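Undergrad: Let chain Z serve as the given structure and place chain G on it in line with the hints.
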Amino acid sequence: MNTTEDHKILEGIVSGNEVIITTFYRNNLPYIRQYILQNSGNEEDVEDVFQDALILVYQKLKTDSLELHSSLRTYFYGVCKNMWRNRLRKNKKMVIAESLPEDIQIIDSDIIKEIERKEREHVYRKHFLNLSDTCREVLSLLFQGNSMKNIAHITGYSEGYTRKKKFECKRSLIEMIEKDHIYEELQLKPEKKL
Amino acid sequence: MERTPEIFDKIEGYLSHTLPKEEIVAFEKELATNQELQQEVEKHRVLHKTLSDQDTLDFKEKLMQISATIKKEQNSPSTLVSAPYWKIAASIAILLGVGVLLWYTYINQPNNTQDLYGAFYEPFPVEDAIRGNTNNEEIQSVVKNYARGAYDSVAVVLEKHPNLNSQLQLYLANSYLNINQEEKAMSLFKDIKSSGKYYEVAKWYLSLTYLKLNTPKKSIPLLKEIITYNGAYKDKATRLLKALEKK
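Heads up: the sequence lines are chains Z and G, in that order.
Residue numbers for the first sequence follow the numbering used here, beginning at 4 and rising by one.
Residue numbers for the second sequence follow the numbering used here, beginning at 802 and rising by one.
Just chain G, with the same shape it has in the complex:
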């Protein structure tokens, strides 16, 4: 059965009892003989029932965040240190930490670009439509992995494709940013066509990449360009520029 906005509207009206009487009669008549429609109505019914439970959705989301945090901890090199040596390693880390703190406090200028990066960076969100080859299962799986933060897997698959569209280039570049391959991310963001709809997005992420690389001076002209462009990232760019100029 082909899914159309009209069929969806009708099913939703039927389930929420908002269809006019005569339409209910006609719909039920069709429903009685059309098995595909019966299945479709059932899918919508369960979908509405399950996803109207906002508390459980919030709880699931919390679990996903907790899981991501735990994975991050497990992937950090500190967990690889074997138990008998952890105290020595911790002492060295503290000494190094104190040294670095002194270096930043007395020798180097206060440097909070990494904090700013942390505050402003959010991965480019997964869009509901994949442009181009939507039926490609490999790409569907890439998007799924990207959405769950499995950036390594995304990079492994996408870097094999020579001609990615801008949307997938953004997913790949964001994945690189998350696995600390900033140079590769930078080159992809620079490569996004100036004529396309993702140009402004690419500029924004390029400015954040410079921030992550601790070269905020390179971010500033890009942010000014985004502000002049007056698009979706104008507000964020204005706030970030202000924060950088305060430094």
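Here chain Z stands alone, though its shape is the one from the complex:
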């Protein structure tokens, strides 16, 4: 069930159309907020889940693997709710007793596995974006496969400073990730390698 309206939104998401994404964000956040706040979450959890679910949709669109058997809204709510239930379950905060809402059931088991698999990625991304501009620049170039020499050339720093900065930034990033409670929970219950 992919309406013209949904099609427009999906196109807006994959092309990074700020107006369309902002409208989608504004229209759908209250529903997810209510769900998460009512189920042991806080405001930070709301933003994290909402954004991580949108990233999942974005990545599926980019790889042409999004299969919608319902409206986009129902699908999206299902992803958010599954994501939140998954985090709560790992955090042992949730006793899963209530019957599943319709939009949770609509999500097939492959997506549930994907949600689980991507949990670690969300933590990595979130902390990377909290680094200073210098750290992000140096590490981005490193992750794109550049040598220290290349990075020094691109940034204009000396090679020694680049190496020092790369180490400090990466260590600080790993430490922030390790301190994240979601990451800790993933470490306690490591995901199976696919």
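Mixed in with the good hints, there may be bad ones.
The following residues of chain G were derived to be distant from chain Z, with all beta-carbon distances above 12 Å [what the hints assert, rightly or not]:
| no. | residue |
| --- | --- |
| 1 | V826 |
| 2 | D854 |
| 3 | Y918 |
| 4 | E928 |
| 5 | N981 |
| 6 | K985 |
| 7 | N1031 |
| 8 | G1032 |
| 9 | T1039 |
Calculated cross-link-like contacts (lysine to aspartate or glutamate; reagent style DMTMM-like; alpha-carbon spacing at most 25 Å) [what the hints assert, rightly or not]:
| no. | chain 1 | residue 1 | chain 2 | residue 2 |
| --- | --- | --- | --- | --- |
| 10 | G | K1035 | Z | D136 |
| 11 | Z | K11 | G | E862 |
| 12 | G | K991 | G | D953 |
| 13 | Z | K182 | G | E824 |
| 14 | G | K863 | Z | E119 |
| 15 | Z | K182 | G | D953 |
| 16 | G | K872 | Z | D183 |
| 17 | Z | K93 | G | E841 |
| 18 | Z | K121 | G | D856 |
| 19 | G | K850 | Z | E178 |
| 20 | G | K873 | G | D854 |
| 21 | G | K811 | Z | E124 |
| 22 | G | K850 | Z | E171 |
| 23 | G | K844 | Z | E21 |
| 24 | Z | K167 | G | E824 |
| 25 | G | K863 | Z | E21 |
| 26 | Z | K167 | G | E803 |
| 27 | G | K945 | Z | D183 |
| 28 | G | K830 | G | E841 |
| 29 | G | K863 | Z | E117 |
Quick caveat, the hints were computed from the structure, so don't treat them as lab data.
Values in this document were obtained by computation on a predicted structure and should not be read as measured data.
Even for Gly, the Cβ is constructed at its ideal location relative to N, Cα and C.
TA: Here is chain G on its own, set in the frame of chain Z:
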């Protein structure tokens, strides 16, 4: 396992297949018996794989900006106006707006210092190292909140600490600027030691605070001082000074 630049270089070389053959053999031998090293290599591997996807990072960043914009709108007093009265309120706002426009056009001199403030102000960026007590979880959380723009929370926590170092003073003062407590911000910027590395930064933000308070004349000597100091803020100060002198 202690993290050192050498270990990082080796792991990166191993993952990017750029280590010399003999080093690969030695590294794999150690890897086979050292569980901590195995975990560390895995962390680096996932880190590199995840963060090399620049498109998704850009998308996430966009979402963070959108979220910040929406929060800003929600926190603005206009959203508190109840629905049945919004039309009346909007009409009053338009009338007031027209009045203010006339006041600025015909009575007051054109005043674009707020625009200049908007154009030049960027929050002092989060640094990758926290000076002093790095293990303090409260401070780590403050930095995290500062980075995500939760300035209220930053101010609530930091103002309880009597002896902040200059770096945290800058975070607090910037937070004050973002929650419209300019007087407090001003006093903190003035308080930053002239001997320390943050002195120039503090001068820059103090000059912007004056701008925000619509007292640009007080910004000018500070900007001149920054230009003479010839440091990281020289270019910005030169541009801002030029813009102010045009007024």
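Undergrad: A separate judgement is required for each hint: does it hold in the structure or not?
TA: Results for each hint:
1. At roughly 22 Å from the closest C-beta of chain Z, the C-beta of V826 (chain G) stays outside 12 Å, upholding its exclusion from the interface.
2. The beta carbon of D854 (chain G) is not kept farther than 12 Å from every beta carbon of chain Z, the shortest such distance being approximately 8 Å.
3. Against the 12 Å criterion, Y918 (chain G) stays outside the reach of chain Z, whose nearest CB is about 21 Å from its own CB.
4. Annotated as non-interface, E928 (chain G) brings its C-beta within 12 Å of a C-beta of chain Z; the closest such distance is 6 Å.
5. Chain Z leaves N981 (chain G) outside its interface by the beta-carbon criterion, the shortest separation being 21 Å against a cut-off of 12 Å.
6. No Cβ of chain Z comes within 12 Å of the Cβ of K985 (chain G); the nearest lies about 25 Å off, and the non-interface call holds.
7. The beta carbon of N1031 (chain G) is kept farther than 12 Å from every beta carbon of chain Z, the shortest such distance being approximately 18 Å.
8. Taking the minimum C-beta to C-beta distance to chain Z, about 16 Å, the non-interface status of G1032 (chain G) holds against the 12 Å cut.
9. For T1039 (chain G), the requirement that its beta carbon stay farther than 12 Å from each beta carbon of chain Z is met, with the minimum near 20 Å.
10. Between the alpha carbons of K1035 (chain G) and D136 (chain Z) the distance comes to roughly 19 Å, so the proposed pair stays at or under 25 Å and holds.
11. Between K11 (chain Z) and E862 (chain G), the direct Cα distance comes to roughly 22 Å. Compliance with the 25 Å bound is thereby established for this hinted pair.
12. Between K991 (chain G) and D953 (chain G) the alpha-carbon distance is near 21 Å, which keeps this suggested pair within the 25 Å criterion.
13. Among the hinted pairs, K182 (chain Z) with E824 (chain G) is inconsistent with the structure: their alpha-carbon atoms are about 32 Å apart, more than 25 Å.
14. Taking the CA atoms of K863 (chain G) and E119 (chain Z), the gap is about 23 Å. The hint holds against a cut of 25 Å.
15. For the proposed pair K182 (chain Z) and D953 (chain G), the alpha carbon gap of about 23 Å is at most 25 Å, so the pair holds.
16. Annotation: proposed proximity of K872 (chain G) to D183 (chain Z) holds, straight-line Cα distance about 23 Å (limit 25 Å).
17. Note on K93 (chain Z) and E841 (chain G): the hinted pairing holds, with a Cα-Cα distance of about 23 Å set against a maximum of 25 Å.
18. The suggested pairing of K121 (chain Z) with D856 (chain G) holds, with an alpha-carbon distance near 16 Å, which does not exceed 25 Å.
19. Simply put, K850 (chain G) and E178 (chain Z) have alpha-carbon atoms about 18 Å apart, close enough for the 25 Å limit, and the pair holds.
20. Pair hint K873 (chain G) plus D854 (chain G) does not hold up; C-alpha atoms about 29 Å apart against a cutoff of 25 Å.
21. Among the hinted pairs, K811 (chain G) with E124 (chain Z) is consistent with the structure: their alpha-carbon atoms are about 23 Å apart, no more than 25 Å.
22. Pair hint K850 (chain G) plus E171 (chain Z) holds up; C-alpha atoms about 19 Å apart against a cutoff of 25 Å.
23. Taking the CA atoms of K844 (chain G) and E21 (chain Z), the gap is about 33 Å. The hint is violated against a cut of 25 Å.
24. Restraint check for K167 (chain Z) and E824 (chain G): satisfied, since their Cα atoms lie roughly 22 Å apart, inside the 25 Å limit.
25. For the proposed pair K863 (chain G) and E21 (chain Z), the alpha carbon gap of about 8 Å is at most 25 Å, so the pair holds.
26. About 16 Å separates the Cα atoms of K167 (chain Z) and E803 (chain G), which keeps this hinted pair within 25 Å; it holds.
27. Annotation: proposed proximity of K945 (chain G) to D183 (chain Z) holds, straight-line Cα distance about 11 Å (limit 25 Å).
28. Distance restraint check for K830 (chain G) and E841 (chain G): the Cα-Cα separation of roughly 15 Å lies within the 25 Å cut-off, and the hinted pair is therefore satisfied.
29. This hinted pair checks out: K863 (chain G) and E117 (chain Z) have alpha carbons roughly 22 Å apart, not beyond 25 Å.
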